[in-house]
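Work the whole structure out from these sequences, hints included.
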Amino acid sequence: MNRRDLLATASAALAAAALPAHARISGAPMPQTAPVPPVARKIPVRIEQLGRVRVDDYQWMKDDNWQAVLRDPTLIKADVKEHLEAENAYREAMMASTLPLQAAMFEEMKGRIKEDDSSVPAPDGPWEYFTEYKTGDQHPRFMRRPRAGGESRLLLDANALAAGKAYSEVSAADHSPDHALFAYAEDAQGSEVHQIFVRDLAAGEVLPDPIQSATGNFTFSPDSQWIFWTNRDDNGRPDKIFRRPARGGATTLVYEEADDGMFISVGRTADDAFVVISIANQETSEARFIPASDPTATPAVLEPREVARLYDADHWGDRWVIRTNADDAIDFKIVEAPTATPGKARWTDLVPHTPGRYIEGVSLVKDYIGRQERADANTRIVIRDRAGAEHEIAVDEPAYALSLGGASEFDTTVMRYGYNSPSTPTSTYDYDLKTRQRTLRKVQEVPSGHDPADYVVERLNAPAADGELVPVTVLRRKTTPVDGSAPLLLYGYGSYGIPMAASFSTNRLSLVDRGWIYAIAHIRGGSDKGWSWFLGARRFTKKNTFTDFIAAAEHLISSGHGKAGHIVAQGGSAGGLLMGAVNNMRPDLWAGIIGQVPFVDVINTMSDTSLPLTPPEWPEWGNPIEDPEAYDYMFSYSPYDQVSAQAYPAVLATGGLSDPRVTYWEPEKWVARLRPATTSGKPVLLKINMEAGHGGASGRFDYLKEVAHDYAFAVWAIDRGWERA
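Using the numbering used here, read the sequence shown as starting at 66 and increasing by one per residue.
It cannot be assumed that every hint is accurate.
Subject to a maximum C-alpha distance of 16 Å in a straight line, what follows is the list of computed EDC-like cross-link-like pairs (lysine to aspartate or glutamate) [said to hold, decoys possible]:
1) K747 x E788
2) K146 x D128
3) K179 x D202
4) K431 x D497
5) K199 x D182
6) K175 x D202
7) K507 x E197
8) K499 x E457
9) K770 x E172
These are calculated hints, taken from the structure and not from any lab test. These figures come from a predicted structure and were not determined experimentally.
Below is the structure:
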């Protein structure tokens with residue numbers, strides 16, 4: 066980092082060369098030490114809605130042909146492309162001094178990855194299936210080998226699939242139950258628009274006529290004769306389930322969802338007795354099933370949907386097993402139902418509801434049920450046999466993550482689970498449900514070396530404004546002082562009931578080993594303390610997510626883990642909404658804000674029914690098109706709409722041109738509005754990946770470069786690196 070000053074002149078030259086003419090100050094010489102930011106033109110658009118009026122100066126950044134741009138980014142409007150490229154060039158110029166740090170962090174992160182690695186094989190019938198990476202590989206190789214022993218066989222080399230492409234990700238892959246076919250879904254743009262290919266394993270050839278415009282979700286029928294998949298419509302919404310012969314042939318519509326506010330998907334039950342179509346949004350669900358004995362039958366409804374009732378169903382050999390919040394089971398319970406008559410009238414409790422013990426998921430094998438539960442931001446696994454006897458797999462640590470992997474076949478007594486903590490790499494175990502013996506199958510290797518004893522993991526509880534206690538997981542080196550002097554990165558999400566696991570990440574060590582403290586705020590909106598933790602921060606209580614995060618920061622300050630103005634906050638997607646909100650509410654707390662693919666233009670996005678996620682997410686946020694109260698509440702926290710003249714911290718907003726979830730223009734518009742508003746003189750930067758979508762770069766090493774860039778920004782923000790740009 067001491068080379069920063071030496072790079073100042075080069076940084077200014079890069080800025081002058083890279084920025085287009087319209088982004089420079091007309092008539093004035095280009096400064097030699099300060100890159101000049103692009104100035105987004107304003108074209109005021111008056112928007113009237115429910116008797117309310119707002120003016121948006123940057124609506125022009127949204128490409129009216131955005132659906133086509135997702136499939137082919139070269140179709141983007143010339144003026145939008147020019148502005149995005151100018152923003153990227155400005156950010157690169159401003160952060161030029163961090164290039165050595167980015168390179169160092171990337172090499173560290175890469176050095177912590179075992180390059181020639183493989184997953185623990187999953188047994189299924191005569192085969193074991195696994196993935197592997199060879200040294201230098203960006204993408205996995207999908208493999209299998211005979212269960213009785215023998216040579217491994219290549220099913221798909223995703224590196225060859227990605228050759229010559231700027232982006233390629235295999236989002237799903239599976240073999241047919243008879244092991245004769247292998248199917249995989251490729252997203253070649255980052256837009257989540259997939260092709261599904263089927264490979265004949267005996268012939269070693271990919272069959273002709275791949276499935277087009279799919280979500281990536283698919284399943285073979287239990288008899289291996291058919292393939293079912295979820296279609297993606299022109300607006301990117303999953304709308305239909307189709308079926309065709311597994312080796313190709315005529316396509317048949319199986320199910321079409323009339324409500325554009327619902328997501329749909331298709332899969333098989335654990336015992337391969339049924340194909341199940343799942344239909345759901347954030348608060349309502351329905352399942353339809355097709356018997357394995359008649360895979361072309363019309364799907365039957367298991368239990369008709371009812372608003373505010375959720376359930377998901379699996380089949381356990383002789384009965385249905387259903388996880389549900391019915392009958393006020395806020396944290397969910399497990400019920401069973403007869404195979405022939407599975408409607409709610411026949412549901413009987415198998416695992417009754419216990420408040421505060423959130424049942425996250427269920428995995429079935431022939432004679433046992435495994436369930437994963439969450440309480441107080443930690444997880445546990447409970448095993449139940451057919452007679453009803455239960456025992457628990459738990460860990461006695463302050464913060465950790467257990468993950469139930471289940472089994473890849475039904476007739477077995479072995480389930481797989483993983484364990485890690487913020488300081489402890491992942492251990493993968495096979496657990497014999499009958500004998501209760503566990504077999505360690507793999508310990509995550511950190512080639513550059515890692516000793517968990519060098520680190521401290523803490524669990525704090527931050528008092529929220531209304532008295533709730535917000536769990537906060539803290540990771541630091543033992544040698545890092547807890548006196549407010551260490552820089553702190555605070556991460557948060559807090560939406561959709563998604564918890565933030567207290568898990569291990571080798572990437573975080575590039576900050577922690579530099580004397581940083583890394584903290585995760587388990588705020589409301591997630592399910593870290595149960596489903597009620599989620600219900601306590603949605604729609605008209607959404608602001609609890611933001612105030613919980615602020616409370617976490619204040620508690621970390623009071624406990625000596627940080628100090629105001631010396632904290633970098635980070636969050637992505639809906640966590641980017643969190644970043645935008647706390648940036649407006651308490652800018653004094655932060656040295657920097659990292660909003661990754663940030664959902665910040667809340668009112669405009671939730672009013673745009675052409676976007677794929679808008680109708681399905683009204684239960685989460687409210688409907689500002691029809692509900693004035695929802696409009697007013699959302700407007701009161703919408704980060705884009707609440708930008709005002711105040712001293713903001715340094716801000717980095719990131720996005721992807723092919724992102725269908727949080728479209729590129731959200732971070733672009735946010736930056737355009739923030740930059741002229743801030744009175745602090747601190748920079749507001751934008752990074753748009755012109756060749757990727759919501760998840761960023763697809764290759765494992767390319768992705769690390771993005772992480773290194775963001776962490777380098779965090780260091781730069783603490784060190785006020787822009788003063789030497």
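Right, here's what the structure says about each hint:
{"no.": "1", "hint": "K747 x E788", "verdict": "holds (9 Å)"}
{"no.": "2", "hint": "K146 x D128", "verdict": "holds (10 Å)"}
{"no.": "3", "hint": "K179 x D202", "verdict": "holds (11 Å)"}
{"no.": "4", "hint": "K431 x D497", "verdict": "holds (13 Å)"}
{"no.": "5", "hint": "K199 x D182", "verdict": "holds (7 Å)"}
{"no.": "6", "hint": "K175 x D202", "verdict": "holds (12 Å)"}
{"no.": "7", "hint": "K507 x E197", "verdict": "holds (14 Å)"}
{"no.": "8", "hint": "K499 x E457", "verdict": "holds (13 Å)"}
{"no.": "9", "hint": "K770 x E172", "verdict": "holds (9 Å)"}
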